[in-house]
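Novice: Sequence:
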Amino acid sequence: LSSPTNSTFRHTLQSYCTMIHFLCTHQMLPEAKTLIQIVVSRKGKGSASAVFAAILETKGTQRSDIYVFSGLITAYLESGFLRDAIECYRLTKEHKFRVPFDTCRKVLEHLMKLKYFKLVWGFYEESLECGYPASLYFFNILMHSFVKEGEIRLAQSVFDAITKWSLRPSVVSFNTLMNGYIKLGDLDEGFRLKNAMQASGVQPDVYTYSVLINGLCKESKMDDANELFDEMLDNGLVPNGVLHY
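Each residue of the sequence shown is one higher than the one before, counting from 128 in the numbering used here.
Hint data in this document are derived by calculation from the structure and do not stem from the laboratory.
Here a beta-carbon is modelled for each residue, glycine too, at the ideal position from N, C-alpha and C.
Careful: at least some of the hints might be erroneous.
As the list claims (entries may be wrong) - DSS-like cross-link-like pairs, simulated, lysine-lysine; straight-line CA separation at most 27 angstroms: (1) Lys291 with Lys242; (2) Lys223 with Lys291; (3) Lys220 with Lys172; (4) Lys291 with Lys233; (5) Lys220 with Lys160; (6) Lys220 with Lys242; (7) Lys170 with Lys160; (8) Lys186 with Lys223; (9) Lys321 with Lys310; (10) Lys220 with Lys233; (11) Lys233 with Lys245; (12) Lys223 with Lys275; (13) Lys240 with Lys172; (14) Lys245 with Lys186; (15) Lys223 with Lys160; (16) Lys345 with Lys291; (17) Lys233 with Lys186; (18) Lys220 with Lys275; (19) Lys170 with Lys240; (20) Lys275 with Lys345; (21) Lys233 with Lys275; (22) Lys291 with Lys245; (23) Lys310 with Lys240; (24) Lys160 with Lys240; (25) Lys220 with Lys186; (26) Lys321 with Lys348; (27) Lys291 with Lys275; (28) Lys275 with Lys240; (29) Lys310 with Lys245; (30) Lys172 with Lys160; (31) Lys160 with Lys233; (32) Lys220 with Lys321.
Stated by the list, open to error - Derived CB-CB ranges, DEER-like: (33) Lys348 with Val298: 18 to 26 angstroms; (34) Pro260 with Leu156: 22 to 30 angstroms; (35) Asp315 with Asn362: 16 to 24 angstroms; (36) Lys242 with Lys291: 21 to 29 angstroms; (37) Leu294 with Thr161: 35 to 43 angstroms; (38) Gly173 with Ala323: 45 to 53 angstroms; (39) Val365 with Ser293: 30 to 38 angstroms; (40) Lys242 with Asp315: 38 to 46 angstroms.
Generate the whole structure from the sequences, applying the supplied hints.
Specialist: Below, the structure is given as structure tokens:
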């Protein structure tokens, strides 16, 4: 991949892309990754469209798409060029290519780290609309992150989308959102969620009661807290360290 020092030959973007396709097709992925990083480093920020076009132009009949596009998105992320990474993802979608969900997850993690919460949720929805399988585990992680940052509306949007994607909210889903509302002092919404949980056949656990009881105590509603504590015991649940009663 190197040329003699006295040579005047310089690789063009197209020649780099041709080599990247060749390496990926022959499963020489570490070498391909190095070349992709060189291309991203040399072309810099705002180059996603040009690099993507060159990759398409040099593709030929080689079956290297999944590795090349995934590697390109990752390289832009690692270089801190988040907009380019997202643009690359959207271009792959537009051209009917598919990248592994693991690559999408890397983009989501970067967005989370930068606290671009609306973008996180929007990007995840884009991924789902592309046919990536919906994961209740991931919905719950997103909700937890939004609640932690006080982004209750986004947490509610995630919760509402669970059923849209043919999943059923779990006790963790209900508890996470409930905890978010109680933290903001919204007891009414907390109890509405408890009722919705029971109506859907999901039984409250110790954490559910703990969150609600602690919320009542903060509002000095001790009679209501006692009543809920008794209900918890009647349901055979044993208080744990989460309950500061």
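Novice: For the pair supplied as a hint, lysine 291 and lysine 242, confirm whether the alpha-carbon distance does not exceed 27 angstroms.
Specialist: 25 angstroms, holds
Novice: Could you check the hint for me, namely that lysine 242 and lysine 291 are 21 to 29 angstroms apart, CB to CB?
Specialist: 25 angstroms, holds
Novice: Quickly compare the C-alpha distance for lysine 240 and lysine 172 to 27 angstroms and report which way the hint goes.
Specialist: Given pair lysine 240, lysine 172 holds - Cα atoms ~20 angstroms apart, limit 27 angstroms.
Novice: Decide if the proposed pair is consistent with the structure: lysine 220 and lysine 321, CA atoms, cutoff 27 angstroms inclusive.
Specialist: 40 angstroms, violated
Novice: Determine whether the Cβ-Cβ distance between aspartate 315 and asparagine 362 falls within the hinted range of 16 to 24 angstroms.
Specialist: 22 angstroms, holds
Novice: Is it true that the CA of lysine 245 sits at most 27 angstroms from the CA of lysine 186?
Specialist: 35 angstroms, violated
Novice: Decide if the proposed pair is consistent with the structure: lysine 160 and lysine 233, CA atoms, cutoff 27 angstroms inclusive.
Specialist: 16 angstroms, holds
Novice: Could you grab the alpha-carbon distance between lysine 223 and lysine 291 and see if it respects the 27 angstroms cut-off?
Specialist: OK: lysine 223 and lysine 291 at ~24 angstroms, within 27 angstroms.
Novice: Could you grab the alpha-carbon distance between lysine 275 and lysine 240 and see if it respects the 27 angstroms cut-off?
Specialist: 13 angstroms, holds
Novice: For a C-alpha distance cap of 27 angstroms, please report whether lysine 233 and lysine 245 respect it.
Specialist: 16 angstroms, holds
Novice: Take a quick look at whether lysine 220 and lysine 186 sit within 27 angstroms of each other, Cα to Cα.
Specialist: With Cα atoms ~16 angstroms apart, lysine 220 and lysine 186 stay inside 27 angstroms; holds.
Novice: Need the status of pair lysine 233, lysine 275: alpha-carbon distance at most 27 angstroms?
Specialist: This hinted pair holds, its Cα atoms lying about 20 angstroms apart.
Checked against the numbered hints given earlier, the structure breaks hints 12, 14, 16, 18, 32, 40 and satisfies all the rest.
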